[in-house]
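In order, the protein sequence lines correspond to chains V and Y.
Under my numbering, think of the first position of the first sequence as 6, with each following residue one higher.
Under my numbering, think of the first position of the second sequence as 6, with each following residue one higher.
There's no promise every hint is true.
One copy or two, either will do: identical chains are not told apart, so a pair holds if it fits within one copy or between any two.
[Said to hold, decoys possible] Keeping only pairs whose Cα atoms sit at most 30 angstroms apart, straight-line, the calculated DSSO-like set for lysine-lysine is:
no., residue 1, residue 2
1, Lys216, Lys171
2, Lys342, Lys7
3, Lys7, Lys264
4, Lys49, Lys350
5, Lys199, Lys350
If you're looking for bench data, these hints aren't it; they were derived computationally from the structure.
2 protein chains.
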Amino acid sequence: MKVTAVIMAGGRGERFWPKSRNSLPKQFLCLTADGETMLQKTVKRLSPLVATEDIFIVTNAAYTGLVTEQLPDLPRENILAEPMARNTAPCIGLAAAVIRKKYDDAVMLVLPSDHLIQYEEMYTDTLTQAIAMAEAGDNLVTIGITPTYPETGYGYIRFMRDGDKKIPHGVYQVECFVEKPDLETAKDYLKSRKYLWNSGMFVWKLSTILKNFEALMPDIFNGLGAITDAFGTPQFDAVLQEKFASFPSESIDFGIMEKAENIYTLPASFGWDDVGSWLALERINPTNECGNVVSGDVITIGTEKSIICGGSRLIAAVGVSDLIVVDTDDAILLCAKDSTQDVKKVLENLRICNRRELI
Amino acid sequence: MKVTAVIMAGGRGERFWPKSRNSLPKQFLCLTADGETMLQKTVKRLSPLVATEDIFIVTNAAYTGLVTEQLPDLPRENILAEPMARNTAPCIGLAAAVIRKKYDDAVMLVLPSDHLIQYEEMYTDTLTQAIAMAEAGDNLVTIGITPTYPETGYGYIRFMRDGDKKIPHGVYQVECFVEKPDLETAKDYLKSRKYLWNSGMFVWKLSTILKNFEALMPDIFNGLGAITDAFGTPQFDAVLQEKFASFPSESIDFGIMEKAENIYTLPASFGWDDVGSWLALERINPTNECGNVVSGDVITIGTEKSIICGGSRLIAAVGVSDLIVVDTDDAILLCAKDSTQDVKKVLENLRICNRRELI
Chain V
6 MKVTAVIMAG
16 GRGERFWPKS
26 RNSLPKQFLC
36 LTADGETMLQ
46 KTVKRLSPLV
56 ATEDIFIVTN
66 AAYTGLVTEQ
76 LPDLPRENIL
86 AEPMARNTAP
96 CIGLAAAVIR
106 KKYDDAVMLV
116 LPSDHLIQYE
126 EMYTDTLTQA
136 IAMAEAGDNL
146 VTIGITPTYP
156 ETGYGYIRFM
166 RDGDKKIPHG
176 VYQVECFVEK
186 PDLETAKDYL
196 KSRKYLWNSG
206 MFVWKLSTIL
216 KNFEALMPDI
226 FNGLGAITDA
236 FGTPQFDAVL
246 QEKFASFPSE
256 SIDFGIMEKA
266 ENIYTLPASF
276 GWDDVGSWLA
286 LERINPTNEC
296 GNVVSGDVIT
306 IGTEKSIICG
316 GSRLIAAVGV
326 SDLIVVDTDD
336 AILLCAKDST
346 QDVKKVLENL
356 RICNRRELI
Chain Y
6 MKVTAVIMAG
16 GRGERFWPKS
26 RNSLPKQFLC
36 LTADGETMLQ
46 KTVKRLSPLV
56 ATEDIFIVTN
66 AAYTGLVTEQ
76 LPDLPRENIL
86 AEPMARNTAP
96 CIGLAAAVIR
106 KKYDDAVMLV
116 LPSDHLIQYE
126 EMYTDTLTQA
136 IAMAEAGDNL
146 VTIGITPTYP
156 ETGYGYIRFM
166 RDGDKKIPHG
176 VYQVECFVEK
186 PDLETAKDYL
196 KSRKYLWNSG
206 MFVWKLSTIL
216 KNFEALMPDI
226 FNGLGAITDA
236 FGTPQFDAVL
246 QEKFASFPSE
256 SIDFGIMEKA
266 ENIYTLPASF
276 GWDDVGSWLA
286 LERINPTNEC
296 GNVVSGDVIT
306 IGTEKSIICG
316 GSRLIAAVGV
326 SDLIVVDTDD
336 AILLCAKDST
346 QDVKKVLENL
356 RICNRRELI
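Turn these sequences into a full structure, and let the hints steer you where they fit.
Have a look at this one:
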């Protein structure tokens, strides 16, 4: 069966300020030494599995220009612009409505645009197995990540292995999805060995997800029909605008995954990283002999365990440690490694002072 | 007797990089909130004692433009350009040679251009007393600073109080000058209560210093005659070039003060600060409630005891402490407070890489 991919690229992360701005969110940034943006890497990593013309990017209308710029080989009609942010369920619904116009049925890989994968061959193998599982029936397959520490910032998947021999090796039934836990609960999850991180990667057939929309989110399902009919016609923008505005703002996890049947998970071991803050640069980039991750025009003297992203001018760091430095033309961030969660306070401050040009 | 002032402004400090450059040394920088440069403050502070037309600036030929710019009211002929750096003895000799053309005799205040004084009235009182002591005879008067800690970066003056009733109250005889001590010696000096810091401020009569040049540095003395004769004539530059090149590169301390008779010191308590590194900004500027000294467009979140000099862009500091940040258009310095002495290593690195535009 035809395999398509839906990459969700509408997010507006603030944790990579000052490089990320409202006009340039994380998925459009290059955070690795290879010069590729997160979105470009996400698309490139799909090449063994999906043909370029079957990759669809769902993004905010404001970002279609960036997507076109960063993915010149992608057919323009594969860039789907959400008229407004409505969380993941309407986003995935829109993609399903458009793919339905192209194929009677197909496998849909639903993927975030701003995560990193360290072992791409394993990623291909895992998705291949997920695709098989999705094709085998009306299954909703999610990629689970084996937890390595009690993270409180992710949702978790509770999985189970029942005696059902029909389930292939390496695939587990999902008992339930749970929201972001507090630290104690997260520690219990880790100890229990019964939970995986919810990576937000999903695999299913077009027909399967549409059935689930029909059964669990009928308001959206009904709107999708009109969107499919209008796709490729002059009325498309107006119809999309009207229907999308009427959709509830809901996540696919809450709207469908937590209520549906036949939910399966594949525990992945392909070196997943959600690149959640500047600290991730240490995990995804090589560090030098002083434990520094350095890019740009930088001189370090007695400086260690620091992350320094140079801009257009020289950065000289003398005797500092555990510091994050990010330089841009109009703003520079200096942040202690243990304070990355407070970067958002800088943005709050900028909002209060109405300094939009810096946000 | 006429009182003149000679301000030595030829230095090329590197400790205020990146704000200070070869083309803009410390004395031409504004390091306080009042918007005045070190040189401008030095001149302003003299107004109760010396008429503007009697203030002479000796500087490097490369800096005469900066001096003219920063001191528009100063007569152009009072800016004396050293053809090359030759330490303080030739510098003071040049000033004496020029002043001699103007006055048969006069009191000379010899002052650095890059120190700060906190209590300017006391400064005026102390210099007034020093002027009286200089006028009273062929005395060489130096301003000593009562040490507050065992500084190893300054020269010291060993003073004594003998029974000689002719010495006015508050004036002490100098037993000897000593070079920069090691820490242990500095601690002993501090404990002994017999030493003062050598501030590099001197007061004497023109006739007195010329007698001393004649007796102790005859090579320089002989050259000065030709310089005096040439001053104001078309031959001046050529004569100065030739004579100055022939002068030994020697400090006034070593060349005259350590060998002369009738050396006196006035211990000053006027809040002297040599502004030796970025750390001085904490002493000479008000700190906010978090103990930060901040200038420019700066947002601090959970940041304390830091010195942040903003430039043309926003600086956001999150969770940092004891950090020095200095932003300029082409370079930004991040330096731990306990590593200011290593800033020069950045300049060494720039020299090795032949990046003159940044030095």
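Taking the hints in turn, this is what the structure says about them:
no.	hint	result
1	Lys216 - Lys171	within (23 angstroms within a copy, 110 angstroms between copies)
2	Lys342 - Lys7	neither (45 angstroms within a copy, 62 angstroms between copies)
3	Lys7 - Lys264	within (27 angstroms within a copy, 97 angstroms between copies)
4	Lys49 - Lys350	neither (35 angstroms within a copy, 43 angstroms between copies)
5	Lys199 - Lys350	neither (36 angstroms within a copy, 54 angstroms between copies)
Checked against the numbered hints above, the structure violates hints 2, 4 and 5; every other hint is satisfied.
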